[in-house]
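Number of protein chains: 2
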Amino acid sequence: MASFSGIKNTLLAEQVEEQLYEYITKLPLKAGDKLPNEFKLAEMFGVGRSTVREAVKLLVSRNVLETRRGSGTYVKDLVPTDLDPLNLRNVEDKVTLAMNLVDLRLILEPGIAELAAYNATDEEIEHLKDLCDTVEYKIEHDLYYIQDDIDFHTYIARCSKNKVVEQIISILETAVLMFVNLTHRRLRQETIITHRAITKSIAEHDPVGARSAMTMHISYNRAAIKEIYDARNRELENQEQ
Amino acid sequence: MASFSGIKNTLLAEQVEEQLYEYITKLPLKAGDKLPNEFKLAEMFGVGRSTVREAVKLLVSRNVLETRRGSGTYVKDLVPTDLDPLNLRNVEDKVTLAMNLVDLRLILEPGIAELAAYNATDEEIEHLKDLCDTVEYKIEHDLYYIQDDIDFHTYIARCSKNKVVEQIISILETAVLMFVNLTHRRLRQETIITHRAITKSIAEHDPVGARSAMTMHISYNRAAIKEIYDARNRELENQEQ
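The listed protein sequences derive, respectively, from chains A and B. UniProt numbering puts the last residue of the first sequence at 241; the count rises by one with no breaks. UniProt numbering puts the last residue of the second sequence at 241; the count rises by one with no breaks.
Wrong hints could be hidden among the right ones.
Treat identical chains as interchangeable: a pair holds within one or across any two.
Quick list of in silico lysine-lysine cross-link-like pairs, PhoX-like style, CA-CA up to 20 angstroms [unchecked claim]:
hint, residue 1, residue 2
1, Lys94, Lys161
2, Lys200, Lys129
3, Lys76, Lys26
4, Lys30, Lys94
5, Lys30, Lys57
6, Lys57, Lys34
7, Lys226, Lys163
Don't read these hints as lab results, they were simulated from the structure.
All chains, full assembly: derive it from the sequences and hints.
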């Protein structure tokens, strides 16, 4: 069994792991970039070198860092393995991936919105309204709202009261954020209007309304992605001729 | 870059990893059981000790084995982390998990069968018929057919030509196999009839037929799971009184 101080060190290492990951993604460093040495990192995060070493090990196990003997620590991949359970980082054709993802969302999310309309509690409805307002505010003030958008959809999945649904949606939305994000800044008004319609239907426990509002919301996204997809394919055809 | 012999050793270690995992699951060993020592394993698999060590490391990284210093190698968990991306091993209430999984399948798979009916090639249709026949044969001869059932559903997902769909279905079907398998031996005739109907509709490129046959198939499963779920809940209620 780990001693109490063992547990404390683990928690500290995990905190430093998080800070270190944030440091990498915010700069951002890219694959192949070298990290500052242990002394420097220990100073930056105000911890001992052994904690830094532990944090680096954790990020190595998540495929974010690699240590090269005698040379130092390097960034290997910005997406940790555990945030990419579908292994989408290796898909080369990101436009087709975006189409595949939105098609799957179109199959899944209307049914989930329907379940949410049946099952959401009063408290959950209040929280969903807050999330809807946040996205709206950020869109109107031209702020980065993608993470809030993901939170909105993931929370609807939570309202479905189906744990597997919640996990699958979280995986899909994270994939959209990490690997394809083609419609950002394109569907601002459509997002506001359809998010509101989804929220209203769930709040009124109107399953058919929730299903159709969600269908509409994702259809807007699909149409925008389809335009990009078609344009790309026309370009490829022209190159071949 | 790895040298050629480096690559060869990696491949060999991966083969031994597979054999070792099979050895563990077939006996089966359970969490906490001790593995034979390195010498013995090397002899069993006809490889060197360094290859065994490499294979053990791979299974440690997948959470199947753990090495305790000075004591030996022990089984930690029979399900490798990479086969449990939804982290369902930790769900205690397996009956509710089964309901959640079948509800999600009911939302997803009819839409996927529809896509498969649009997109399956002639070659894929032939293969799907073979898979359907295999399940039927095994059911009629009272053989273990769960893996073949999974293959059937995963192949339909592949026919959809949507890579994300394929991965998600593979995750869900594996979860059904690994964590909840409540309807095995209950729905033999229903499985044969509905699998046939799904296969026929996809072969005829009849999307509406494929959707409704899949809905019927999963509905049979849901009804059987619901019976178990209701009986369990009645029992819990009685205990509380």
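Open item on the list: Need the list of violated hint numbers for this structure, in ascending order.
Closed with: Hints that this structure does not satisfy do not exist here, as all of them hold.
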